[in-house]
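Student: Based on the hints, put chain B in the right spot on chain A.
There are 2 protein chains.
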Amino acid sequence: MSARARRSQAQMLADIHAAALAELTEVGIGRMSMAGIAQRSGTARTSLHRRWSSPTEILLEAVEDNYPQETVSPGLDDLRGDLIRALGFLADWVTTPTALAVEAILMERGRHPELAQALYERVFDRNGGRFTRTVLLHYAEHGHLDPALVTDVVTDIGEALVLKHLADNGSPPDSSLLARIVDEAVLPAVGRPLVVDREP
Amino acid sequence: MSARARRSQAQMLADIHAAALAELTEVGIGRMSMAGIAQRSGTARTSLHRRWSSPTEILLEAVEDNYPQETVSPGLDDLRGDLIRALGFLADWVTTPTALAVEAILMERGRHPELAQALYERVFDRNGGRFTRTVLLHYAEHGHLDPALVTDVVTDIGEALVLKHLADNGSPPDSSLLARIVDEAVLPAVGRPLVVDREP
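Protein sequence lines, in the order shown, are assigned to chains A and B. Under our numbering, the residues of the first sequence are numbered 66 to 265, in order. Under our numbering, the residues of the second sequence are numbered 66 to 265, in order.
There may be inaccurate statements among the hints.
Said to hold, decoys possible - Listed next, with one range per pair, are the computed distances between beta-carbon atoms: (1) A:187 to B:139: 14 to 22 Å; (2) A:175 to B:138: 34 to 42 Å; (3) B:80 to A:143: 36 to 44 Å; (4) A:189 to B:139: 37 to 45 Å; (5) A:232 to B:236: 17 to 25 Å; (6) A:119 to B:139: 28 to 36 Å.
It should be emphasised that the hints constitute simulated quantities derived from the structure, not laboratory data. No residue lacks a Cβ here, since even glycine has one placed at the ideal position from N, Cα and C.
Pulled out of the complex, with its shape left as it was, chain A reads as follows:
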């Protein structure tokens, strides 16, 4: 296959994913169709059916492909920075079309519980379950934190505060607020001394 053909296939896949996200937010889960995604992406319906069994399969793959993966700095010497970066991935992501699709799936979980469940299993759990959890577990595994303090409640603090700010203000926290969330809420919960007047 030529480089040109590969690019073109990658672009087609991106278009199909974007079409699935748009289809969801515009017509809702219950009325998503292969025909709709085919039309929005300029793809033949038969091509879609060869690769995917249903519109929601395309949708889940689109979310998987556009979900950020939390990382840890190699030196194990920047817990604070790693936590701020982890929450930064979330803050950057929440305004993307993928995040709107995730919100729509969670809002319709009453009618489509299997889709919400697949979202948790295939996307959230596979990517660490919560932003900051991968970082906290990593530092705990290497003896820098007491592992007993890295509970499900504690690993949810940062994500909960970022999403709460979004719900209250309509926009995610900026970088200075992300740093305050880490300094004032996440680090104290894992036994770090609290620094109120931290130098910039």
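Tutor: Positioned in the frame of chain A, the structure of chain B alone reads:
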């Protein structure tokens, strides 16, 4: 006015409030009408117009009347219990019709920003802004906590974790999880020693 007449008026007001909440969740903010609320509550439309200028005025009053007020125990000797009770008010409230109405107002804030703003000013801010904030400020004012630690981030930790649990699970935290939220997330942020294996 006789006791019987007063009861009857209180009941009518409760019915009108309930009708406004139901009207919102069924037809949406944009299509709420005095006629709809009158019909749902079995009240004459003219009676509504005498007291309220618009359907959203009734709606805001209904939310105000059904929003819990956080309290502090008189002895100033049970910070943990007061925090758990504060989050318990929120956990009990989030499944009520009023909470569904609040969710609907916040979701339509893009189209009706003035209503969302009125909600924050007349309901949330007037009731302490955040659950646990009244308690934390009270203990800080009486010298039991460093006031510098009671920031907007810290006073949002408990509420953010309760609402996050609701979003992830479709139900609010139970009482043992509320206690863990206080022990593992809220108390560490205000400088209290963390108790991991607390006796019941």
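Student: Hints first: check each against the structure and report whether it holds.
Tutor: Results of checking the hints against the structure:
no., hint, verdict
1, A:187 to B:139: 14 to 22 Å, "violated (51 Å)"
2, A:175 to B:138: 34 to 42 Å, "holds (38 Å)"
3, B:80 to A:143: 36 to 44 Å, "violated (59 Å)"
4, A:189 to B:139: 37 to 45 Å, "holds (44 Å)"
5, A:232 to B:236: 17 to 25 Å, "holds (18 Å)"
6, A:119 to B:139: 28 to 36 Å, "violated (60 Å)"
In summary, the structure is inconsistent with hints 1, 3 and 6 from the numbered list given earlier, while agreeing with the others.
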